[in-house]
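Chains as they are written, first to last, in numbering that gives the first Met the number 0: chain V, 0 to 647; chain Z, 0 to 155; chain A, 0 to 182.
The reader is advised that the hints may include incorrect statements.
[As the list claims (entries may be wrong)] Ranges between beta-carbon positions, derived for each pair:
1) 113/A / 444/V: 52 to 58 angstroms
2) 510/V / 116/Z: 31 to 37 angstroms
3) 378/V / 23/A: 18 to 24 angstroms
None of these hints come from the bench; they were simulated from the model. The model shown is predicted, which means the values in this text are computed figures rather than measured ones. Quick reminder that beta carbons are idealized off the backbone N, C-alpha and C, glycines included.
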Amino acid sequence: MIAEFGLAALWLAAALAALQLIAGALALTPRGAALAGVVRPVAVVQGLLALAAFGALILVFAETDLSVKLVAMNSHSMKPLIFKIAGAWGNHEGSMLLWVTVMGMAGGFVALVEKRLPEPTMLATLAGQAFVSLGFYAFLLIASNPFERLSPAPPEGNGLNPLLQDLGLAFHPPTLYLGYVGLSVAFSFAIGALVTRQVGPAFARAMRPWVLAAWIFLTVGITAGSYWAYYELGWGGWWFWDPVENASLMPWLAATALLHSCGVLAARNALRAWTVMLGVVAFSMSMIGTFLVRSGILTSVHAFAVDPERGSFILALLAINIGGALTLFGLRAATVTEGERFRPVSREGALVLNNVMLSAILGIVLFGTLYPLLAEAMGAKVSVGPPYFNPMSAIFFVPMLVVLAVGPLLRWRRDTFARVRKRLALPLLAVLAGIAIVLAIGDVAVLPFLGLVLAAGLAVASVLPLRDRNLRRTPLPVWGMVLAHFGIAVALFGMASESAFSVEKLVAVRTGETTRVGPWAIRLMAVEPVAGPNWTALEAQMLARYQDGRGTELRPQSRSFWTPPQQTSESALLTRWNGQLYAVLGGEATDGRWQLRLWWKPFVPMIWLGGLLIALGGVLALAGRTASDIRRLVARDKIAYRRTRQGR
Amino acid sequence: MAGSGTMGLKPKHQRLVLLAIALVVLIGAALLAIWALRNQASYFYVPSEIVAERPAPDRAVRLGGMVEKGSLRTEADGVTIAFVVGDGKARVPVRFSGIVPSLFVEGSGVVAEGKLGADGTFLADNLLAKHDEKYVPREMQNMTDEQARQVVAQTR
Amino acid sequence: MTEQTRKTSRWTIWLPLALFAAFVVLVLIGLFRPAGRDVASTLIGKPLPAFDLPPALPERPGLASTAFGKGQPRLLNIFASWCIPCRVEAPQLDRLKRMGVPIDAISVRDRPEDLRGFLAQNGDPFQSIGADDDGKVQLALGSSGVPETYVIDGKGTIRYQHIGEIRPEHLPLILEKLKEAGR
Numbered sequence: 000m001i002a003e004f005g006l007a008a009l010w011l012a013a014a015l016a017a018l019q020l021i022a023g024a025l026a027l028t029p030r031g032a033a034l035a036g037v038v039r040p041v042a043v044v045q046g047l048l049a050l051a052a053f054g055a056l057i058l059v060f061a062e063t064d065l066s067v068k069l070v071a072m073n074s075h076s077m078k079p080l081i082f083k084i085a086g087a088w089g090n091h092e093g094s095m096l097l098w099v100t101v102m103g104m105a106g107g108f109v110a111l112v113e114k115r116l117p118e119p120t121m122l123a124t125l126a127g128q129a130f131v132s133l134g135f136y137a138f139l140l141i142a143s144n145p146f147e148r149l150s151p152a153p154p155e156g157n158g159l160n161p162l163l164q165d166l167g168l169a170f171h172p173p174t175l176y177l178g179y180v181g182l183s184v185a186f187s188f189a190i191g192a193l194v195t196r197q198v199g200p201a202f203a204r205a206m207r208p209w210v211l212a213a214w215i216f217l218t219v220g221i222t223a224g225s226y227w228a229y230y231e232l233g234w235g236g237w238w239f240w241d242p243v244e245n246a247s248l249m250p251w252l253a254a255t256a257l258l259h260s261c262g263v264l265a266a267r268n269a270l271r272a273w274t275v276m277l278g279v280v281a282f283s284m285s286m287i288g289t290f291l292v293r294s295g296i297l298t299s300v301h302a303f304a305v306d307p308e309r310g311s312f313i314l315a316l317l318a319i320n321i322g323g324a325l326t327l328f329g330l331r332a333a334t335v336t337e338g339e340r341f342r343p344v345s346r347e348g349a350l351v352l353n354n355v356m357l358s359a360i361l362g363i364v365l366f367g368t369l370y371p372l373l374a375e376a377m378g379a380k381v382s383v384g385p386p387y388f389n390p391m392s393a394i395f396f397v398p399m400l401v402v403l404a405v406g407p408l409l410r411w412r413r414d415t416f417a418r419v420r421k422r423l424a425l426p427l428l429a430v431l432a433g434i435a436i437v438l439a440i441g442d443v444a445v446l447p448f449l450g451l452v453l454a455a456g457l458a459v460a461s462v463l464p465l466r467d468r469n470l471r472r473t474p475l476p477v478w479g480m481v482l483a484h485f486g487i488a489v490a491l492f493g494m495a496s497e498s499a500f501s502v503e504k505l506v507a508v509r510t511g512e513t514t515r516v517g518p519w520a521i522r523l524m525a526v527e528p529v530a531g532p533n534w535t536a537l538e539a540q541m542l543a544r545y546q547d548g549r550g551t552e553l554r555p556q557s558r559s560f561w562t563p564p565q566q567t568s569e570s571a572l573l574t575r576w577n578g579q580l581y582a583v584l585g586g587e588a589t590d591g592r593w594q595l596r597l598w599w600k601p602f603v604p605m606i607w608l609g610g611l612l613i614a615l616g617g618v619l620a621l622a623g624r625t626a627s628d629i630r631r632l633v634a635r636d637k638i639a640y641r642r643t644r645q646g647r
Numbered sequence: 000m001a002g003s004g005t006m007g008l009k010p011k012h013q014r015l016v017l018l019a020i021a022l023v024v025l026i027g028a029a030l031l032a033i034w035a036l037r038n039q040a041s042y043f044y045v046p047s048e049i050v051a052e053r054p055a056p057d058r059a060v061r062l063g064g065m066v067e068k069g070s071l072r073t074e075a076d077g078v079t080i081a082f083v084v085g086d087g088k089a090r091v092p093v094r095f096s097g098i099v100p101s102l103f104v105e106g107s108g109v110v111a112e113g114k115l116g117a118d119g120t121f122l123a124d125n126l127l128a129k130h131d132e133k134y135v136p137r138e139m140q141n142m143t144d145e146q147a148r149q150v151v152a153q154t155r
Numbered sequence: 000m001t002e003q004t005r006k007t008s009r010w011t012i013w014l015p016l017a018l019f020a021a022f023v024v025l026v027l028i029g030l031f032r033p034a035g036r037d038v039a040s041t042l043i044g045k046p047l048p049a050f051d052l053p054p055a056l057p058e059r060p061g062l063a064s065t066a067f068g069k070g071q072p073r074l075l076n077i078f079a080s081w082c083i084p085c086r087v088e089a090p091q092l093d094r095l096k097r098m099g100v101p102i103d104a105i106s107v108r109d110r111p112e113d114l115r116g117f118l119a120q121n122g123d124p125f126q127s128i129g130a131d132d133d134g135k136v137q138l139a140l141g142s143s144g145v146p147e148t149y150v151i152d153g154k155g156t157i158r159y160q161h162i163g164e165i166r167p168e169h170l171p172l173i174l175e176k177l178k179e180a181g182r
């Protein structure tokens with residue numbers, strides 16, 4: 000029953016999306032003006048129906064209704080409830096349903112609250128949102144119905160990929176999806192603005208909170224995903240330049256650029272066509288990323304099942320949406336009037352540079368991700384990894400960091416370097432101190448060296464915009480910017496420290512023996528079998544002492560799942576303020592020794608701490624902007640109210 | 000660039016300057032990327048290919064094939080293994096230090112990432128195992144039929 | 000602040016679209032490259048490799064390659080009780096059986112008690128079931144997963160390999176292949 004209810008809700012939502020598209024488009028013509036009132040309520044109801052469908056899917060999974068094919072394929076009655084629920088989106092169909100749900104909800108929310116833009120632009124925006132949604136509804140209903148029944152129902156489900164039976168990972172995809180799909184709103188705003196040629200500060204202000212919110216989710220999602228890969232894959236690395244990771248990084252880069260160009264457009268009415276373009280590109284990157292992952296066209300450690308049929312469906316969607324939007328952009332951008340002028344040395348100039356650098360990195364990542372496909376079309380089989388991505392992105396990342404340190408100190412419109420020179424003394428001092436310290440430690444490779452030094456300078460420079468300000472009166476968005484930029488310095492420090500100072504040890508030891516890695520002495524106490532709800536494991540008990548201090552116990556496992564049969568290694572982590580000890584249990588060597596892989600990674604948690612700080616900066620900015628928007632709305636209503644009273 | 004004072008540059012010129020900077024950076028990025036990819040992309044070989052055309056010793060490549068039966072041995076340190084990867088036409092000795100994926104056994108397919116040493120031994124820094132029932136390394140899809148059939152079926 | 004159209008950079012406006020078009024072309028090539036995913040279609044037209052499997056259930060006969068090629072086309076189904084798609088295709092196999100198609104099976108890495116449960120639950124259209132405990136025969140047949148189904152003609156030649164479960168919409172295809180094999 001529940002499944003049928005969900006399917007019905009989905010069909011209804013799709014029908015409403017069609018209505019929203021048609022009514023929105025007609026309402027833009029002089030004859031259809033009467034339809035204008037329909038669009039917003041329809042958008043809201045469409046979002047609620049999509050949510051109902053998603054709720055139905057969660058219910059079906061929660062009670063493990065094995066007569067639903069998707070449940071039978073991806074769940075198991077023995078699984079803990081939380082993973083049953085997470086199983087709802089841990090597969091292709093469910094995650095696409097989550098996609099349209101978030102998209103519908105976002106559209107409904109925009110329809111409900113956005114009152115600043117001229118009504119025609121809003122209608123075009125909501126019609127655009129409906130157009131994109133409609134494609135995904137069609138995809139769900141035609142090619143990947145999540146509510147399909149299975150007759151006869153199997154006695155037991157197929158289980159969930161044990162790699163996915165992890166709390167972090169269960170909530171990782173939805174977070175990323177909120178980010179990906181949140182960018183659809185920016186996309187629709189860009190379409191709306193192009194259709195009605197209303198590109199200006201009001202457009203940027205309306206779009207900014209959405210970009211900011213999506214960007215926050217993306218930041219959190221990427222940070223969490225990186226941490227997941229770090230402790231779950233057991234390879235000791237935190238970023239692999241895997242296609243799936245790149246798929247989440249590319250929208251983030253585009254959204255970061257968009258966020259900054261939005262700021263220019265909102266404050267100074269410049270970079271008009273560029274901002275619209277980025278609005279289109281950001282969501283395009285979300286869709287392209289999803290497509291690359293979903294179609295299985297690039298194999299990856301994270302990828303879902305390969306399916307060329309679905310791949311072509313999503314590709315068709317992509318071609319229609321992105322191709323259409325870019326065509327519209329080509330037709331209209333020439334007539335988008337030029338914005339306000341500014342000098343190259345100015346806040347705007349710095350933000351333009353930031354945008355260019357981010358775009359360059361985006362291009363590098365996209366190109367590197369697609370290169371295996373290109374090479375294959377020409378007959379060679381290649382894979383592209385860190386030797387390409389690390390130095391290439393650094394080439395553009397490093398100058399961007401310099402701009403990032405200087406830019407916030409510059410004035411809008413025009414400025415001179417002479418004016419900010421004095422203020423840059425402190426960060427320069429930090430850089431010099433950094434160089435001295437790193438040289439004293441000695442023997443650090445070029446990239447980590449640059450990272451450490453720049454992180455020191457950036458950490459100081461990022462708080463400088465607060466100088467000469469009354470801290471209590473400093474607006475929240477400024478705090479947000481400072482915090483986010485400081486977060487970049489923190490994360491950069493973690494990355495550089497990890498790659499410069501990590502110590503690794505690979506040994507085979509007998510129980511009772513002690514081995515050393517960095518400042519740690521680790522003693523293997525025992526290796527014993529343990530059992531969990533749907534797995535058995537070998538668990539090593541180790542006693543780790545930091546500089547011969549008090550011992551702490553570590554228990555890495557090598558787990559075997561049986562539904563479906565699969566083996567994973569559960570690393571054990573020991574976090575101190577100055578780093579992390581990372582232990583992995585390998586196999587048993589022939590002579591009774593156990594393989595251990597141990598890392599001491601100084602300051603590695605800073606990577607994710609920095610990521611969270613960046614996201615928190617976004618939250619502060621969003622809170623500040625929303626509060627001032629609300630204040631402005633209330634004030635406007637008051638004035639309008641007074642006027643009507645006086646009019647009487 | 001131009002001196003201080005009034006908004007000296009004409010709007011057209013100012014825009015051109017920005018556009019020029021942006022284009023130069025982006026085109027530079029594209030050229031750099033192409034150059035780097037030619038040098039850094041790691042190519043996939045089967046044993047007969049890697050024997051016929053040896054990649055440079057400092058170049059990261061991937062080697063895929065079957066682990067020969069009876070060739071696997073563990074060295075005294077307990078964490079280094081040596082084995083031979085073959086494809087029926089050629090055999091390549093491989094050394095690997097690290098934790099071996101659980102599905103790695105003699106007679107099974109493997110993809111090793113690493114470099115071919117000057118002495119003809121392949122030094123692997125990573126062995127790829129499948130992650131789930133349906134995972135097949137992309138490269139294997141294009142191996143000759145016999146190789147593909149064996150490798151794919153056995154890694155399952 | 001004069002309003003001015005950008006004439007100088009009109010061509011750059013179309014650059015993104017051009018890049019995107021290149022992306023679509025590239026991906027299309029990747030998506031439909033013929034060197035696709037059917038790994039072992041080369042076996043088609045070749046004789047069935049020789050094998051002799053012990054019975055999967057002690058009370059039933061095992062399966063040897065000599066059972067094929069006796070003048071009548073047969074289906075050879077590779078399945079396992081632990082495989083969910085195999086449950087999905089069970090009704091289709093049952094219909095084929097009722098249409099008089101002889102079906103033999105190889106169960107891969109299975110246990111008799113699980114297998115009995117599977118057959119009781121999903122029906123048993125098989126004349127004999129061989130046990131392929133180490134997947135060797137599956138390998139020799141060029142099968143890369145379960146379920147897969149082969150159409151073997153009256154001379155013992157593989158005529159068609161169906162990868163994945165047989166869905167209701169595949170029945171006409173299978174029957175067509177059987178008819179071709181019977182000619």
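Structure-based check of all given hints:
Distance hint for residue 113/A and residue 444/V: a CB-CB separation of about 54 angstroms, consistent with the stated range 52 to 58 angstroms. Checked against the hint of 31 to 37 angstroms, the C-beta distance between residue 510/V and residue 116/Z comes to roughly 35 angstroms, which is consistent with it. The beta-carbon spacing between residue 378/V and residue 23/A, approximately 21 angstroms, falls within the hinted interval of 18 to 24 angstroms.
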